[in-house]
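2 protein chains.
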Amino acid sequence: MTTRTDCLQRDAQDPLAALRDRFDLPPGVIYLDGNSLGARPKAALARAQHVIAREWGHDLIRSWNTAGWFDLPKRLGNRLAPLIGAGEDEVVVTDTTSLNLFKALAAALHMQATDGAERRVIVTERSNFPTDIYMAQGLSGWLDRGYVVKLIDSVEELPDVIGADTAVVMLTHVNYRTGYQHDMRATSALAHAAGALIVWDLAHSAGAVPLDLNGDGADLAVGCTYKYLNGGPGAPAFIWVPRRHQARFTQPLSGWWGHAAPFAMAPDFAPVDGIGRALCGTQPVVSLAMVECGLEVFEQTSMAALRQKSLALTDLFIELVEQRCADHPLGLVTPREHARRGSQVGFTHPHGYAVMSALIARGVIGDYREPAIMRFGFTPLYTSYTEVWDAVEILRDILDRQDYDVDAKRDAVT
Amino acid sequence: MTTRTDCLQRDAQDPLAALRDRFDLPPGVIYLDGNSLGARPKAALARAQHVIAREWGHDLIRSWNTAGWFDLPKRLGNRLAPLIGAGEDEVVVTDTTSLNLFKALAAALHMQATDGAERRVIVTERSNFPTDIYMAQGLSGWLDRGYVVKLIDSVEELPDVIGADTAVVMLTHVNYRTGYQHDMRATSALAHAAGALIVWDLAHSAGAVPLDLNGDGADLAVGCTYKYLNGGPGAPAFIWVPRRHQARFTQPLSGWWGHAAPFAMAPDFAPVDGIGRALCGTQPVVSLAMVECGLEVFEQTSMAALRQKSLALTDLFIELVEQRCADHPLGLVTPREHARRGSQVGFTHPHGYAVMSALIARGVIGDYREPAIMRFGFTPLYTSYTEVWDAVEILRDILDRQDYDVDAKRDAVT
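Listed in order, the protein sequences are those of chains A and B. Residue numbering for the first sequence follows the working numbering, beginning at 1 and increasing consecutively. Residue numbering for the second sequence follows the working numbering, beginning at 1001 and increasing consecutively.
Simulated from the structure, these hints should not be mistaken for laboratory data. Here a beta-carbon is modelled for each residue, glycine too, at the ideal position from N, C-alpha and C. Mixed in with the good hints there might be a few duds.
[Claimed, not checked] Quick list of in silico lysine-lysine cross-link-like pairs, BS3-like style, CA-CA up to 25 Å:
(1) Lys1074(B) - Lys409(A)
(2) Lys74(A) - Lys1074(B)
(3) Lys42(A) - Lys1042(B)
(4) Lys1042(B) - Lys1074(B)
(5) Lys74(A) - Lys42(A)
[Claimed, not checked] Pairwise CB distance ranges, derived in the manner of DEER restraints:
(6) Asp71(A) - Arg1126(B): 53 to 61 Å
(7) His1338(B) - Arg243(A): 49 to 57 Å
(8) Pro1267(B) - Asp212(A): 23 to 31 Å
(9) Asp1059(B) - Asp183(A): 32 to 40 Å
(10) Gln49(A) - Arg1126(B): 54 to 62 Å
(11) Pro1267(B) - Asp183(A): 22 to 30 Å
(12) Arg1126(B) - Pro26(A): 53 to 61 Å
(13) Ala264(A) - Val1148(B): 20 to 28 Å
(14) Gly163(A) - Ala1412(B): 44 to 52 Å
(15) Glu1088(B) - Pro26(A): 53 to 61 Å
(16) Ala305(A) - Ala1408(B): 47 to 55 Å
(17) His338(A) - Gly1068(B): 33 to 41 Å
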């Protein structure tokens, strides 16, 4: 049995332990929700103050040039690229995950159509994050050319479902509820063998698990900067278009930031060469600038080191919950197999929402997702082994004493 | 002849003069570019610090509920509404102007199609801000149903061009280059008489001129918060959907923030009732929150008072330039007629870019737009009559002494 003393020892030997000091975390809180909103890098406050007081307030309009505001989406994209196995000038940080997915899907459908393919099916999972499905429905419905969004209920269906009618396979690499991680290389190969393209949503993967987009044969990808990348609430998302697809990448959100000569003010759209064509309109500079503070922390370590600790944390959490809360009706929804696990763990409980509310009231912040799933995210940049031990101890105490309110009022945002 | 002493007297009697203290403006600068990037409200820095340190850093994920992050687009929309003649729950602050225009155009085309109208033409001006044209081209091209974007070269063409084939008239209310202001009521009526819908872009109007969207019969509108509304660089834009159109408003960027029950995580999109269906994905909270600081300043005065001073400032600028720079080849591109003028003035000069660069080097910050137009924005919240006098004096000196470099290297962002 692992003891709290064991955990203290592991923390003392943890090569990543010093990185916690890069973050501002409130006292009395064990934060296990970095999968939803990453903690604040200390540097973000000063960065924002500089952008607001100096670049906006003092330099005003000149900052588009002097502070490089216009190039920020590309500069941040290049800084993010190594974390996801992307190349130089293949990523921009811009807009939202939903919108970037719309662009990626539209571009993928267009690539298929220009190849003359009569493929009309977008394959995805019913358990995908809803906005991904909604955006695919929005796009396919509006195109009015017979596109359909096919929802599968299990990953086992993929080999049978992906076929000659499949235009695009659209998957979220790590599932937001269960933490299930797809095999990017095998599934990309499966799609390609059938002549389909594959679009990956990395919302719960970027900064959480090692990624090799180019090496694994992905076609297009999008992701989020405000979860594991610690970019700040609602910070702009990213889109990856590999060099081999950039010349054919075209999408309907053709705003002036994606134009070949945006300040020539020509009345016809002509997309710029390269990744810039994934841009659309003017970006929220202050929120965007803070993304860099999150990325800077990652440059102090490696995704391999983070992955090693991430698996150790999630292994420990599963082990301790199953040992110490064995008498309670908890069901693990996260794969035990390392290769299939992201950096989060979900347990069902009949009163999942009430139990999570009780945990939060006692300073253990995870979150809840329908149906009945308590979700715990583990961020090796700032989560310690001892915190895992303490969180499980508080969970055990709440469950043993039934110290939760089954009629707990639901927050608007849960 | 107006003298500098006259200007000092007008400033002393200006009822809006005290509002300048609400802004942080750098010493030694006459800022005439609020039409491109509004100055920084002093309150914005503390607001951002609070959002970053307290709401993000300390309260973390809980702020989606406790700080009202999820409702921010609607709350800010309601605060902005009185400035544009919109009703309660008719505006949201979200995404970019380009994207909101895409939503509005798509919704307008859909309304026409569901009415059974075989209308395939989107009418707009060749002189419109390019991204508006590009987004219309992107939408119509992708829909692949015979939609065309028809560009007119003069507002006089509108009565002839708007006809039985017109689905949507899409106009920017105040032209970004010339400051020409359309007659919203008459043009909306013209569109309606032909069975067309009208979409207005208020990028250079909101906070600059009085607007009465509902009273003037507009159908849909979008606009910008980082120009005259002083929301901060790249701050999220807004979209207005009047109550009478909300039930029929549907658009393809159907992300989870526009869902009737976003946290039910259902696999089918169902738009929420009301203005919320214009939302798509998660918004950049820090940039969004600062928009409120700009709106708060407007609540200290009225659009009528601002308009009175705006016209006085632009009248004065035109008068002084024409008197004091009479020997130079300057051409006024802005209407002299008050009703047709926004809150900016443009002059052409054969070396417009070089002259503007020289002005900026001497602390008079306007900007340049192709072809050959020097653009000067007047923001009655913080621009004084004496600044207008001084700006013209510096312009006169630069022109008289030919103190500009005709080979001035162009900045990337001009």
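Lysine 1042(B) and lysine 1074(B): Cα distance at most 25 Å?
Distance ~24 Å between lysine 1042(B) and lysine 1074(B) Cα, so the pair holds.
Is lysine 42(A) close enough to lysine 1042(B), meaning Cα to Cα at most 25 Å?
holds (23 Å)
Cβ distance range 53 to 61 Å for aspartate 71(A) and arginine 1126(B), holds or violated:
violated (29 Å)
Do the beta carbons of alanine 305(A) and alanine 1408(B) sit within 47 to 55 Å of each other?
holds (50 Å)
Cβ separation of proline 1267(B) and aspartate 183(A), checked against the hinted range 22 to 30 Å
holds (23 Å)
If I claimed the Cβ atoms of alanine 264(A) and valine 1148(B) lie 20 to 28 Å apart, would that claim hold in this structure?
This hint holds: roughly 23 Å between Cβ atoms.
Should the hint that proline 1267(B) and aspartate 212(A) are 23 to 31 Å apart at their CB atoms be regarded as holding?
Holds, since proline 1267(B) and aspartate 212(A) (Cβ atoms, about 30 Å apart) stay within the stated range.
At the C-beta level, are histidine 338(A) and glycine 1068(B) separated by a distance inside 33 to 41 Å?
Check passed, 40 Å falls within 33 to 41 Å.
Mind checking the alpha carbons of lysine 74(A) and lysine 42(A) for me, to see if they're no more than 25 Å apart?
holds (24 Å)
Starting from lysine 1074(B), check that the Cα of lysine 409(A) is at most 25 Å away, please.
holds (23 Å)
Confirm or reject the claim that glutamate 1088(B) and proline 26(A) have a C-beta distance inside 53 to 61 Å.
Cβ of glutamate 1088(B) to Cβ of proline 26(A): about 36 Å, so the range 53 to 61 Å is violated.
Satisfaction of hint between lysine 1074(B) and lysine 74(A), Cα-Cα up to 25 Å:
Distance of about 31 Å is beyond 25 Å: violated.
Checked against the numbered hints listed earlier, the structure breaks hints 2, 6, 10, 15; every other hint is satisfied.
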